[in-house]
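> Hints are included, so try docking the two chains, each in its own frame, into the full complex.
The lines below spell out each chain.
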Amino acid sequence: MTMSWFAYTLMVFILLTAVTTALFRDVLSAIVVFGAYSLGMAIFYTFLLAPDVAMTEAAIGAGVTTILLLLTIARTTRPSTDRLFERVHWPGVVAVGAFAIVLLWTVLPEMVAVGAEDAPVWANADVTQYYIQHTYDDTGVQNAVTAVLAAYRGFDTFGEAVVVFAAGVAVLIVLKREVFA
Amino acid sequence: MIEYLDTHYTYVLAFVLLAIGLYMMIANENLVKKVIGVNLFQTAIFLFFVSVAYVEGGDAPIVPAETNPGELLVASPLPHVIVLTAIVVGVALTAVALALIVRIYAEYGTLREDTLREVRADE
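So the protein lines, in turn, are chains W and L. Residue numbers for the first sequence follow this note's numbering, beginning at 4 and rising by one. Residue numbers for the second sequence follow this note's numbering, beginning at 62 and rising by one.
Read the hints as simulated data drawn from the structure, not as lab findings. Glycine included, C-beta positions come from ideal geometry on N, C-alpha and C. Take these hints with a grain of salt, some might be off.
Stated by the list, open to error - To give a feel for the contact side, a few chain L residues facing chain W, derived at Cβ under 8 Å: (1) HIS69; (2) THR71; (3) ASN100; (4) LEU108; (5) ALA126; (6) THR128; (7) SER137; (8) THR146; (9) THR176; (10) ALA182.
Bound-form chain L, shown alone (with noise of 0.2 Å):
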């Protein structure tokens, strides 16, 4: 496995951070922290779509002025528009995700998953 970290290696990276984004989610107990790890994950898979996308010594995706371009090493522009929109909505995720951790603490006063099901066991 050693020899794709010369070849593959932000792929190599991206599913290091994939792993431990799901850490992140199984472990720690804190919501906020999981939302986190949330986060993350996403992070890892924008960073493998960017990848794909890469070109070896070409440039980002602008083009010239011209009808008939040519030849030309840059960039696909198409994951990086995925990844766009996906960052977005990835935000959008979070903030509905941290309301409710916000009327999860108004309603019981804590923010360990732990004791939130013992509260809501005694209830």
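Just chain W, same shape as in the assembly (with noise of 0.2 Å):
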């Protein structure tokens, strides 16, 4: 029922690239570190069995993400500072301790153990159990999350696409660029 060793370690790893990254006082270290967090993630994908979530984090998460923000310290400012971390916030601490620790002792009791068969959502033979046995039949696509997406979901796709249409026209509005003089 346990993972191996490398999958706890790339859990380590995750935790302290998360907590540097809130730590950082500077702001391009702290991008830095959080690429490599994002990184660290998608390769922790993988081992829970989503390589297609695991592809899209490497290449939106860690990629987009991380030239976007570079992109924003680039035309704004990088705040020089000669302390290598940020002051702790102490109420802060107190207010996301007692939000972490409320999850813990009240969602985690409920949950199911990780990768158990009978978890609601693996075996629920109306959903997820009709995806897996029909999906080739329906649609002629052997990988089920690509089915899913754009055929099973399709229009779900396509909200999305309205949604990042949505986003680029925003940015154009806000950067006022949105006329081509």
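Now the structure itself:
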């Protein structure tokens, strides 16, 4: 029921990069460490049998997001600092500590164990098992994720494209680039 | 709570990452770091969804090219699809937030929340 030592090492790596992202005072360092965090997360997704998610996270999470953040500090400012870490904001620590403890005490005992075959998401005969059994028959695609994304839930993906288009329009308006002179 | 580290480890990691992302949004004065905090919060939720779909000893959600494949031990594809959509929407959100930050810097010449509050109070 336990994962390999490599997965546990990866979890420690993810946790360490997340904490250093939060504490680094220099914004450029924080962005670079956040890129490493995204990459660690992408590798961890492959351990959790989600290669499609892992590839998207590596390309978009670690790639595009990092580039957007770097472009932003290139166009604005990178505050110079002589200290390595931020001062710890204790009221914030208490607030999010309470948040984490509430989650760990109330939600965690209710969750089914990781990877259990009787987990409601996995064992549901009408939903998950339907897609696993009928994907090839219905769509002719062997990758069930692609089949759901592009065929069964095609309109969802279309709505996602509309969201991305709206975001692009919003960025152009905010940056006053909507007119091509 | 320690006994859950063995069976619920990804959920523990997801909840701790949620807390770190929330901390970044609350405590960091720099607006760019607040946006990084939003992204960190998002990846924690993605991890939650992906670990819900995981099945021990299974394979990635690839099915054989047969009409009736029978019993298969593969991860559930549905949470994966939701996460794919959420990753792309998350980047769109990040792009809009960063564009607003660029404009804020052009108007006020600062990215620090406390300085920004002072500058706006003076106007």
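> Each hint: holds or not?
Hint check:
1. HIS69: 6 Å, holds
2. THR71: 5 Å, holds
3. ASN100: The hint holds - ASN100 (chain L) has a Cβ within 8 Å of chain W, the shortest such distance being about 6 Å.
4. LEU108: Since chain W brings a Cβ to about 7 Å from LEU108 (chain L), closer than 8 Å, the hint holds.
5. ALA126: Hint on ALA126 (chain L): holds, closest Cβ of chain W at ~6 Å, below 8 Å.
6. THR128: 5 Å, holds
7. SER137: 4 Å, holds
8. THR146: 5 Å, holds
9. THR176: Hint violated; THR176 (chain L) Cβ to chain W Cβ min 10 Å, cut 8 Å.
10. ALA182: 21 Å, violated
Hints 9, 10, counting from the list given before, are not met by this structure.
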